[in-house]
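Trainee: Kindly generate the complete structure, drawing on both the sequences and the hints.
In the numbering used here, the protein residues as written are 1 to 180.
Please note: incorrect hints may appear among the correct ones.
[Claimed, not checked] In silico lysine-lysine, DSBU-like type, Cα no more than 35 Å apart, as pairs:
1) K59 - K89
2) K89 - K127
3) K96 - K51
4) K19 - K89
Quick caveat, the hints were computed from the structure, so don't treat them as lab data. Everything numeric in this text was worked out from a predicted model, so none of it was measured.
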Amino acid sequence: MSMRFLADAEILCPVCQGKRYKPHLLDIRYLGLNLSEILNLSIGEAHEIFKNHRAIERKLAPAVALGLAYLKLGQPSSSLSGGESQRLKLVPYLSKRVQPGTVLLMDEPTVGLHFRDVQLLLDQLHKLVEQGVTMIVIEHDQQVIDAADWLLELGPESGDAGGQLLYEGAPANVPPELRA
Numbered sequence: 001m002s003m004r005f006l007a008d009a010e011i012l013c014p015v016c017q018g019k020r021y022k023p024h025l026l027d028i029r030y031l032g033l034n035l036s037e038i039l040n041l042s043i044g045e046a047h048e049i050f051k052n053h054r055a056i057e058r059k060l061a062p063a064v065a066l067g068l069a070y071l072k073l074g075q076p077s078s079s080l081s082g083g084e085s086q087r088l089k090l091v092p093y094l095s096k097r098v099q100p101g102t103v104l105l106m107d108e109p110t111v112g113l114h115f116r117d118v119q120l121l122l123d124q125l126h127k128l129v130e131q132g133v134t135m136i137v138i139e140h141d142q143q144v145i146d147a148a149d150w151l152l153e154l155g156p157e158s159g160d161a162g163g164q165l166l167y168e169g170a171p172a173n174v175p176p177e178l179r180a
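Mentor: Shown next, in the form of structure tokens:
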């Protein structure tokens, strides 16, 4: 039950006991698991279990490569951080061939990420760029800035005190006075 000013209240369903499906549907098993058990798997666990099922594996592999193996398959999207949500939105683009000329925009996808996870994200973004995708990334992380092909530095401040183009060009050529 969604509450605007209080934490959401969760009420256990007396029919399914919180498993989200009627008992007769939970009797159906695949590889020894019912639907509720499958949705309770982490992406990494599901990737391992379904590694021989190409169509499923192809959908899970990018999420693992993006460092999201710990998320549950049935995890509510409302429980995801902004960075997790943005990275999950990349999965469809990474699991198939992308039309060259596609433009993807990401707003600070590395907030809260460990530098190793930032590198995982960069590796996947480079795969998209190799397919002809244009990535526009709004970012403050130096690791991401250094990996960019082209940089637009806006400022001098944020909000109303910013918005002026301070630098445009390769990240390696940023003037020292603009390096934070």
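Trainee: None of the hints should be skipped; say for each whether it holds.
Mentor: Structure-based check of each hint:
As the CA atoms of K59 and K89 are separated by approximately 12 Å, the hinted pair is consistent with the 35 Å bound. Taking the CA atoms of K89 and K127, the gap is near 15 Å; set against the 35 Å cutoff, the hint holds. Annotation: proposed proximity of K96 to K51 holds, straight-line Cα distance about 17 Å (limit 35 Å). Note on K19 and K89: the hinted pairing holds, with a Cα-Cα distance of about 26 Å set against a maximum of 35 Å.
The structure shown violates none of the earlier numbered hints.
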